[in-house]
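Colleague: Letter by letter, the chains look like this.
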Amino acid sequence: MAFTVEIAILVGALALTWRYFGSYMAAVYEGRVHFLRWLERPIYRMLSVSESSEQSWRRYLFSLLVFSAVSVAVTFAILVTQGYLPLNPQHLGNVTPALAFNTAVSFVTNTDWQNYAGETTMSYLSQMGALAVQNFVSASVGIAVAIAMVRGFSRKGASSIGNFWVDTVRGILYILLPVSVVMTVVFVWQGAPQTFLGPASVHNVLNGVSQVIPRGPVASQEVIKQFGTNGGGFFNANGAHPYENPTGLTNILSIYLILTIPVALTYTFGKMVGSIREGVGILVAMLALFAATFAFTLVAENGGNPAVAAGGITAVHHGNMVGKEARFGTGNSVLYNVTSTETSTGSVNSSADSYTAVGGLGMMAGMMYGEVSPGGVGSGLYTMLIFAVLTVFISGLMVGRTPEYLRKKIQRTEILWASIGVLVMPITVLILTAITVAIPAGRAATLNAGPHGFSEILYAFTSQGNNNGSAFAGLSSNTDFFNIAGAVAMLLGRFGVMVPVLALGGSLAQKEEVPVTAGTFRTATPMFTGLLVGVILLVGALNFFPAVALGPVAEALVHGRFF
Amino acid sequence: MLLQLRRSIVLVVVFGLFLGLAYPAVEVAAANGIFPARASGSVTRYGSPLIGQDWKGTSWFHGRPDSDNPLATGGTNLGPTSKQLVSFTKRMVAYWHSHGVDPTQELVTTSGSGIDPDISPQSAYVQIPMVSRSTHIPAKSLDNLIASQIHGRQYGILGERYVNVLSLNLALKRLEATVQR
Numbered sequence: 001m002a003f004t005v006e007i008a009i010l011v012g013a014l015a016l017t018w019r020y021f022g023s024y025m026a027a028v029y030e031g032r033v034h035f036l037r038w039l040e041r042p043i044y045r046m047l048s049v050s051e052s053s054e055q056s057w058r059r060y061l062f063s064l065l066v067f068s069a070v071s072v073a074v075t076f077a078i079l080v081t082q083g084y085l086p087l088n089p090q091h092l093g094n095v096t097p098a099l100a101f102n103t104a105v106s107f108v109t110n111t112d113w114q115n116y117a118g119e120t121t122m123s124y125l126s127q128m129g130a131l132a133v134q135n136f137v138s139a140s141v142g143i144a145v146a147i148a149m150v151r152g153f154s155r156k157g158a159s160s161i162g163n164f165w166v167d168t169v170r171g172i173l174y175i176l177l178p179v180s181v182v183m184t185v186v187f188v189w190q191g192a193p194q195t196f197l198g199p200a201s202v203h204n205v206l207n208g209v210s211q212v213i214p215r216g217p218v219a220s221q222e223v224i225k226q227f228g229t230n231g232g233g234f235f236n237a238n239g240a241h242p243y244e245n246p247t248g249l250t251n252i253l254s255i256y257l258i259l260t261i262p263v264a265l266t267y268t269f270g271k272m273v274g275s276i277r278e279g280v281g282i283l284v285a286m287l288a289l290f291a292a293t294f295a296f297t298l299v300a301e302n303g304g305n306p307a308v309a310a311g312g313i314t315a316v317h318h319g320n321m322v323g324k325e326a327r328f329g330t331g332n333s334v335l336y337n338v339t340s341t342e343t344s345t346g347s348v349n350s351s352a353d354s355y356t357a358v359g360g361l362g363m364m365a366g367m368m369y370g371e372v373s374p375g376g377v378g379s380g381l382y383t384m385l386i387f388a389v390l391t392v393f394i395s396g397l398m399v400g401r402t403p404e405y406l407r408k409k410i411q412r413t414e415i416l417w418a419s420i421g422v423l424v425m426p427i428t429v430l431i432l433t434a435i436t437v438a439i440p441a442g443r444a445a446t447l448n449a450g451p452h453g454f455s456e457i458l459y460a461f462t463s464q465g466n467n468n469g470s471a472f473a474g475l476s477s478n479t480d481f482f483n484i485a486g487a488v489a490m491l492l493g494r495f496g497v498m499v500p501v502l503a504l505g506g507s508l509a510q511k512e513e514v515p516v517t518a519g520t521f522r523t524a525t526p527m528f529t530g531l532l533v534g535v536i537l538l539v540g541a542l543n544f545f546p547a548v549a550l551g552p553v554a555e556a557l558v559h560g561r562f563f
Numbered sequence: 001m002l003l004q005l006r007r008s009i010v011l012v013v014v015f016g017l018f019l020g021l022a023y024p025a026v027e028v029a030a031a032n033g034i035f036p037a038r039a040s041g042s043v044t045r046y047g048s049p050l051i052g053q054d055w056k057g058t059s060w061f062h063g064r065p066d067s068d069n070p071l072a073t074g075g076t077n078l079g080p081t082s083k084q085l086v087s088f089t090k091r092m093v094a095y096w097h098s099h100g101v102d103p104t105q106e107l108v109t110t111s112g113s114g115i116d117p118d119i120s121p122q123s124a125y126v127q128i129p130m131v132s133r134s135t136h137i138p139a140k141s142l143d144n145l146i147a148s149q150i151h152g153r154q155y156g157i158l159g160e161r162y163v164n165v166l167s168l169n170l171a172l173k174r175l176e177a178t179v180q181r
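Heads up: the sequence lines are chains A and B, in that order. Residues 1 to 563 in the working numbering are what the first sequence spells out, letter by letter. Residues 1 to 181 in the working numbering are what the second sequence spells out, letter by letter.
Don't read these hints as lab results, they were simulated from the structure. Not one of these hints is a red herring.
Cut-off 25 angstroms, straight-line C-alpha distance, at most; resulting in silico cross-link-like pairs (SDA-like, lysine to any residue):
#, chain 1, residue 1, chain 2, residue 2
1, B, K90, A, R561
2, B, K173, A, V202
3, B, K173, A, N207
4, B, K83, A, V548
5, A, K511, A, S160
6, B, K56, B, R161
7, B, K56, A, N207
8, B, K83, A, A444
9, A, K511, A, R407
10, B, K56, B, Y95
11, A, K271, A, V516
12, A, K271, A, M527
13, B, K173, A, H203
14, B, K173, B, D102
15, A, K511, A, Q411
16, B, K56, A, G312
17, B, K140, B, G152
18, B, K83, A, F562
19, B, K90, A, G312
Generate coordinates for the entire structure from the input sequences, incorporating the hints supplied.
Modeller: What follows is the structure, given as structure tokens:
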């Protein structure tokens, strides 16, 4: 009952956020928000960027790629030299080059896959100055790309789609930073540390326990990790760690922060294209997929864990508590993990690897749709819009007329880019999974045997190829092979989609509007939303069914067998 | 190319200083000003109530069977068809039965953090026979003790009801002192 009320409050809060924060974000990117002028202006001056100048999609993309490459280089440089740098109270050594490369790519691509344990690998400077900076920056870049694509729909006969530098700066100053500044204090109030002090050494005379407790500037990083749908934890245990996620309040706030931007962007989209109802149509498709996946996963986890039952605990009224925290229980663990896997965030408050076979499938499915329900900041919306373009195309084929979306003709160029955008991810994921299971270095990394071992590998590349970052963490993936293969997956999953998205936006911006007639296929309708969900499910199922059958489905079907 | 490269470097440096140093430093100052104890991890002379500890022996309430090592956090990652998980569970069930306790699921399973500081109220109640026998405190008193230590759902809605094992054992210690006197 309490859990139902909690979900109702979350939905209510998100509805308000959708309306007002969505409208606010539209104002930010239209340059109507100015309360940090004194900060914004000097940055443009240093960049020698004029606020009113615009870029073609090629120029926009080129700026983005150069900026991302520099970000990877600088992040890498800090990690491999952290031993010589300040703010390192634990005297941690330099990060090895392969791990530093994987990590740098991971944070710049908004993935936050972690082949390391933060508390024993990363200095405070690396956490704050390298990783958390990218939590802000990569999130802002993602939103910028979505906004640039939406401009493609809202403009007619235009040769430009905005300015990358201006969009990125505005996203950080007016969207990500103000919320983070306030929320950090809330997280500290609930118990998350925010300190430059090194680890605490304690000795409890009652039980003779001695502990070294790592801490650090946790809260400031935790908040942007969720709000920017990044997901990289300060500690290895991520959102299960009581310092990252101390209470029921921080748990639901984390979930709310994760969903805020991806959900509200559908309002921003509607507002920018001049019809809120178009945004509603997209939002409903996202929510339908989310709700179904959440219910599916929750039912599985409430059913209990077969290995625990075989071990002698047959009462299942708490569900599967392996890898879950007592203060959250099954419901709040599933809500957090599903939220995170459906938004390309990848933070977890419970061990994904220890979920039931079907529960694990639920989390994988969220990623296999292509992270659109509602997806990561920006990436969720732009991937969804690619699917929308494909859906009008397929619908157009069925009735035999030229497809249109938002009064723009969808032609060969658009379909070409949209197809690439949809296919890059599954091709990357499936090929890398196949290579990994084919070589000994890949198979040796799994912790669990049997179908679950295959699931660990499939999950790893699904997660990295979708810039999610959650893991079936039993996989020992801090090896040269996994560091490099993972980085390839993350780069393709990020830029392999961004390139087609910006190309699509640029091509659409140039077009003139076609008049709405009686024969126009209306997209702000339940019919279109239904078709859109159908296309997403169909594409996901066709791509991934064989792989899923070997992993979670096989595991669910081998009743009573253990490996 | 050079212009974009220069802009990229400038922006990475500006944001590195601003978001990477100024933002967390301001938050450290604010956090220490408003919530000094929590900002440094709520550490007391008995450890932090947020970080689970290994309570051995029959005279204390136990938490989850985690490794409780804050330098190596995270779950065991054993899957639902893991033989290792089956045998671990059997071992834990046998352990509790040997102490006259009929365990809940939480008392035989590890958590997501590996340092879960809490257990459900039920998981505390089932340990009463063991603790009572060892400390000679009547079961009824322990029952009341646990009831006084239950954290309800936050604001009546959020999360689960739980008992913090460290504060439960500190309360047990105080109760023992009064009983002996």
